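Participant: Residue-level listing of the chains:
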Amino acid sequence: MLKQALYGLAMASFVLTSCGGPAAESGKKATSGALSGSAAEKVYVAPGEYDEFYAFISGGFSGQLAVYGLPSGRLFRVIPVFSQDPEKGYGYNEETKPLLNTSHGFVPWGDAHHPDISQTAGKVDGRWVFINENNTPRIARVSLKTFETEEIIEIPNSAGNHSSSFVTENSEYVVAGTRFSVPVPQRDMPINEAKGNFKGSLSFLSIDQEDGDMDLAFQIRMPGFDYDLSHPGRGKSHGWFFFTTYNTEEAHTLLEVNASQNDKDFIAAVNWKYAEQLIAEGKFEEETTNYAENEWDHHTHMATTTMKKKVKVLDASKIPGLVYFLPTPKSPHGCDVSPDGEYIIGSGKLAAELTAHSFTKMLKAIEDKAFDGEQYGIPVLQYEAVNAGAVKNPGLGPLHTEFDGKGNAYTTFFISSEVVKWKLGTWEVVDRQPCYYSVGHLMIPGGNSREPFGKYLVAMNKITKDRYLSTGPEVCQSAQLYDITGEKMELLLDFPTIGEPHYAAGCPKDLIHDKTTKLFKLEENNHPYVTKSEREAKVVREGNDVHIYMTMIRSHFAPDNIEGVRVGDRVFFHITNLEQDYDVPHGFSMIGANTAELLIMPGRTETSMWYPKQVGVWPFYCTDFCSALHQEMQGYVRVSPKGASTPLTWTLDDDPLQ
Amino acid sequence: MKKSRILMIVGSLMLLSLFIYPLWNIQLEAPQYPIPLGMYIHINKITDEQPHDVKNINLMNHYVGMQEIPEHMLEFDLFPPIIIGMAILGVLIGFKGGYKWFLGWFILMSALGAAGMYDFYLWEYEYGHNLDPKAIMKFINPDGTQMGFQPPVFGSKVILNFVAHSYPATGAYTLLTGMLMTLIAFFIGKKELKKT
Ligand SMILES: [Cu+2]
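As given, the protein sequences belong to chains A and G, one line each in that order.
Letter by letter, the first sequence follows residues 1 to 658 of our numbering.
Letter by letter, the second sequence follows residues 1001 to 1196 of our numbering.
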């Protein structure tokens, strides 16, 4: 087996050298010289002007979602999603902590993968970005009004939530699939009995069109393969969802070899409209499970966790017509659907060609029962009956394809480190450009929709080595921007990314820029501990709990002197930012507090918990440079010994409040 | 009815537009405020131009010790009955009075308007000069006197990092139009009398 692996590697290097290799051909300094001037002009966004597109790039193992502008490649914001972010108090303050709850308890970190923008009628609409967490399976919904995480829902009966989080063309559903099949329900059993006993789950989460609220509508129970990526049908194929599979060998160890044996794995075509019908007719099993649904409330400005115990299940092995397998060469990764919904492109990672299946042929094959056996009761369609064509010898290690809406497709090749442009229907290669280095996914704004904006292409690279100033053993990963308006692609720009840029989603700025929230209205703040004016500020003792109702406005806290707190107390600072002006957040930090700062937007209330451990007078201050008197924005808490009788007082300018 | 009387009645009724439209607009522009902070002065209230502007103007002004823009002033009680009174008087004159009364009404209204502007100036002076002795930032004029922050009655003026713009708003124009109509009513009324 090891021999085979070595052979594969040798093959790879052979093809790399024999086809000239893009790196050898164009060289590293491809953009220098006459072209560089025009490339600079194309990415230059003058001071005070706006980028044309938003790009939401996954932060990979940072757990977050980064927001960039295109074509400038400027980073605007890192939205905390699956990982705590002390800079913003995210996952540290009492309001956001519940967002990170799971059936395993509080999980402070996540592995963010595939952002996808909500769609209406097959077009990106700029309402929400969905993004999946691979490690502890979850899907998050980020608002594109506030650029904040509004909901995180855990996916039960799943592991390695990778073939996720892609939305259907009217945002009916966002999906999640199992990468690491597991016992369902989980149980104590020998690992080497995995084959036939482990299961996969494809989860469909419904989306409320008003507030975006996600609900686990149903799960489809699948054989224990690895479900790698997925994309929705669109247009004529709307109602279907396509998932790539690998490890159809169902290996449980040394997968790099043992899961690379089958000549063909599958793309699973799921008829979700039919699934929806079955659910409506009550033809499902209800299983007991346990998962967390964490939701942000816009009125109380806080998240709550609900543990859910039931899931509706459809068993693909027992329901004819629900799922079909399309044979696809060699561990396909990307599973991408052309803008018209006709072609399903499977990127066989280890294959010598790129496979295109035809949706029309697939329907015909189903009708004709052109089957080539079955797997666990699921029909396997004949390869020839569904295949539309293949791009021959396109490069090495194809991963992912997107479209420009003008009949062209663009595929990344990890091993040969390049982007290849080819034509849908004729399958001829039109152009190839090198990537620096080892490109994973690529993104064309709207490239996963009926109407791509085929102007720029962003390639996301795993390796950068010598591309940037050196920063020790760990160097950044990187994105590369190409102009795709011409026949040939033109590399315009390199820009570093946070974490690992697995995938991205983009859309024109007009869908978002003018619609964002500027501040939160104080009169609509229904936080249970809100303080809407300085006169209402107070300190309340409940046993050992001390609740401080505090306000902040340029440039003071109210109260800013507090006495009567004792060692052993648990102190809650409930702080309301009274500002009602755009871009005037205030921060809060308490000396020695075993937590992060608060960073409070105008009109919002946030809570920091503090355990005073030492007698003394301890200062707190504003951490965000809010005004000319920012340095004066500070206060003191007097901490008396345990059992002391210091009266509880709270003052501003030595005057009692209230 | 005679043209002059219609003009007189409509012109004086236009005073009532002041219950809908603001008289004056003051805007404060600064590098940090590419969209200026602004307030509208009505006969009975002061309102935001953009949401929360008055609150934010107060916040800015507290650094130099200026008082908050009052939610209530004596003028808010006085102006509405005066406006209603003048409108009723104008309508009555329009129906019953001779053309000379039209001029009389116009002169009275002009005098009241001038008094109003003077009052506005006095309020602005007080607002810009009555500073908290504990003000965070104190600014001294080159001649050693305390710097004031009075916005202009009419026009634009640099005040520290702000440029203040003070100009009539819709209500001032409808008021002036109405008054102009009563003046025209006077001249037409005079002509009409000669013809008969
Ligand atoms: Cu501050």
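For the record, the hints were derived by calculation from the structure and aren't laboratory data.
Since we're looking at a predicted model, the values are computed, not measured.
Warning: the hint list may mix true and false statements.
For lysine-lysine, the following DSS-like pairs were computed, each having C-alpha atoms within a straight-line distance of at most 30 Å [claimed, not checked]:
1. K515(A) x K1191(G)
2. K532(A) x K1190(G)
3. K1191(G) x K1003(G)
4. K145(A) x K1055(G)
5. K421(A) x K123(A)
6. K518(A) x K1055(G)
Examples of chain A residues toward chain G, derived with CB under 7 Å [said to hold, decoys possible]:
7. R554
8. Q580
9. D581
All C-beta atoms, glycine included, are put in the ideal place defined by N, C-alpha and C.
Participant: Work down the list of hints and note, for each, if the structure agrees.
Facilitator: Verification of the supplied hints:
The hinted pair formed by K515(A) and K1191(G) fails the criterion: a straight-line CA distance of about 59 Å is larger than 30 Å. The straight-line distance between the Cα atoms of K532(A) and K1190(G) is roughly 62 Å, outside the 30 Å bound, and the hint therefore fails. The straight-line distance between the Cα atoms of K1191(G) and K1003(G) is roughly 11 Å, inside the 30 Å bound, and the hint therefore holds. Only pairs whose Cα atoms come within 30 Å are accepted, and K145(A) paired with K1055(G) is accepted, the gap being roughly 24 Å.
For a cut-off of 30 Å, the pair hint linking K421(A) to K123(A) stands: about 23 Å separates their Cα positions. Our distance criterion of 30 Å between C-alpha atoms is met by K518(A) and K1055(G), whose separation comes to about 16 Å. With a cut of 7 Å, the hint placing R554(A) at the interface with chain G holds, because the nearest CB-to-CB distance is about 6 Å. A distance limit of 7 Å between C-beta atoms decides the matter here; for Q580(A) the minimum to chain G is near 4 Å, and the interface restraint holds.
Hint status for D581(A): holds, given a least beta-carbon distance of 5 Å to chain G, under 7 Å.
Checked against the numbered hints above, the structure violates hints 1, 2; every other hint is satisfied.
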